[in-house]
Amino acid sequence: DVKVTQSSRYLVKRTGEKVFLECVQDMDHENMFWYRQDPGLGLRLIYFSYDVKMKEKGDIPEGYSVSREKKERFSLILESASTNQTSMYLCASTTGGLEETQYFGPGTRLLVL
Amino acid sequence: SQKIEQNSEALNIQEGKTATLTCNYTNYSPAYLQWYRQDPGRGPVFLLLIRENEKEKRKERLKVTFDTTLKQSLFHITASQPADSATYLCALETGTASKLTFGTGTRLQVTL
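Chains A and B supply the protein sequences, listed in that same order.
The first sequence runs 1 to 113 under my numbering.
The second sequence runs 114 to 225 under my numbering.
FYI, nobody ran anything at the bench for these hints, they're computed from the structure.
Treat the hints with care, as some may be off.
[Claimed, not checked] Distance condition first, Cα-Cα at most 25 Å in a straight line; then the derived DSS-like pairs of lysine-lysine:
(1) A:70 to A:57
(2) A:3 to A:71
(3) A:71 to A:53
(4) A:57 to B:170
(5) B:172 to A:3
(6) B:116 to B:130
(7) B:130 to B:172
(8) B:172 to B:212
(9) A:71 to B:212
(10) B:130 to B:176
(11) B:176 to B:212
(12) A:53 to A:18
(13) B:170 to B:184
(14) A:57 to B:212
(15) B:212 to A:53
(16) B:130 to A:3
(17) B:184 to B:212
(18) A:70 to B:212
(19) B:212 to A:55
(20) A:70 to A:3
(21) B:170 to B:212
(22) B:130 to B:168
(23) A:55 to A:3
(24) A:70 to A:53
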């Protein structure tokens, strides 16, 4: 079974802090994604990566950056956390190619005070 | 960009009935469409994929239809059970391999 893990289930940070969210998948997947999910807005894509050291902006990249140094690991970085980044963050991965379904991690609920 | 509409109001149905959820989109018809289930506090889980040349797809008690003329997909759960209570998301392919656009989801509540 594909397993996508995220480093924390719950996280509380202060405004201005640098925040790292880690995602690891164990199935040698090519593509990895970071989303945030907010009530009424659904899942919105922040960044995605098709390969190691490659990244592309999604729909809402402002205030975020990512890092993919190894194939299995995709990190989301909040350079200076703000209260409007309080959200549920979800990581997903796929093998790549056509008609690929996405495998999601359990999510990290981040609260920025 | 593609806009996806799912009924934001919760759907409440009685156990044993068929639940029908709707996913409408506004722009181009995608090559395929997917449905996911999400339980509270958890990540979405893939259920079914249907291609644009398929009218209907079934998996156990689940059935999905795809009407490119109406720009709509319907998701049915027959003989619904309380364990089916969850939020159901539809997702459309975007023309970029693996990248999907998700709807906001519809919450289904199945009561005894």
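Okay, the hints, checked on the actual structure:
1. Restraint check: the Cα-Cα separation between residue 70 of chain A and residue 57 of chain A comes to about 19 Å, which is no more than 25 Å; the hinted pair holds.
2. In summary, the hint linking residue 3 of chain A to residue 71 of chain A is supported, as the alpha carbons are separated by about 14 Å, within the 25 Å threshold.
3. Among the hinted pairs, residue 71 of chain A with residue 53 of chain A is consistent with the structure: their alpha-carbon atoms are about 9 Å apart, no more than 25 Å.
4. Restraint check: the Cα-Cα separation between residue 57 of chain A and residue 170 of chain B comes to about 33 Å, which exceeds 25 Å; the hinted pair is violated.
5. Distance check on the hinted pair: residue 172 of chain B and residue 3 of chain A sit about 23 Å apart at the alpha-carbon level, within 25 Å; holds.
6. Among the hinted pairs, residue 116 of chain B with residue 130 of chain B is inconsistent with the structure: their alpha-carbon atoms are about 30 Å apart, more than 25 Å.
7. Under the criterion of a C-alpha separation no larger than 25 Å, the hint pairing residue 130 of chain B with residue 172 of chain B is consistent with the structure, at around 17 Å.
8. The straight-line distance between the Cα atoms of residue 172 of chain B and residue 212 of chain B is roughly 24 Å, inside the 25 Å bound, and the hint therefore holds.
9. Annotation: proposed proximity of residue 71 of chain A to residue 212 of chain B holds, straight-line Cα distance about 18 Å (limit 25 Å).
10. The hinted pair formed by residue 130 of chain B and residue 176 of chain B meets the criterion: a straight-line CA distance of about 14 Å does not exceed 25 Å.
11. The straight-line distance between the Cα atoms of residue 176 of chain B and residue 212 of chain B is roughly 24 Å, inside the 25 Å bound, and the hint therefore holds.
12. Taking the CA atoms of residue 53 of chain A and residue 18 of chain A, the gap is about 21 Å. The hint holds against a cut of 25 Å.
13. The hinted pair formed by residue 170 of chain B and residue 184 of chain B meets the criterion: a straight-line CA distance of about 17 Å does not exceed 25 Å.
14. Note on residue 57 of chain A and residue 212 of chain B: the hinted pairing holds, with a Cα-Cα distance of about 12 Å set against a maximum of 25 Å.
15. Using a Cα cut-off of 25 Å, the hinted pair residue 212 of chain B and residue 53 of chain A holds, with the two alpha carbons roughly 18 Å apart.
16. At most 25 Å may separate the alpha-carbon atoms for a hinted pair to count; residue 130 of chain B and residue 3 of chain A exceed this at roughly 34 Å.
17. Taken as a hint, the residue 184 of chain B and residue 212 of chain B pair is honoured in the structure, with Cα atoms around 19 Å apart against an allowance of 25 Å.
18. Proximity of residue 70 of chain A to residue 212 of chain B is assessed by CA-CA distance (about 20 Å); at most 25 Å being required, the pair is judged to hold.
19. Only pairs whose Cα atoms come within 25 Å are accepted, and residue 212 of chain B paired with residue 55 of chain A is accepted, the gap being roughly 13 Å.
20. This hinted pair checks out: residue 70 of chain A and residue 3 of chain A have alpha carbons roughly 16 Å apart, not beyond 25 Å.
21. For the hint pairing residue 170 of chain B with residue 212 of chain B, the CA-to-CA distance comes to about 22 Å; that is within 25 Å, so the pair holds.
22. Between residue 130 of chain B and residue 168 of chain B, the direct Cα distance comes to roughly 23 Å. Compliance with the 25 Å bound is thereby established for this hinted pair.
23. Taking the CA atoms of residue 55 of chain A and residue 3 of chain A, the gap is near 22 Å; set against the 25 Å cutoff, the hint holds.
24. For the hint linking residue 70 of chain A to residue 53 of chain A, the alpha-carbon distance of about 8 Å falls within 25 Å, and the restraint holds.
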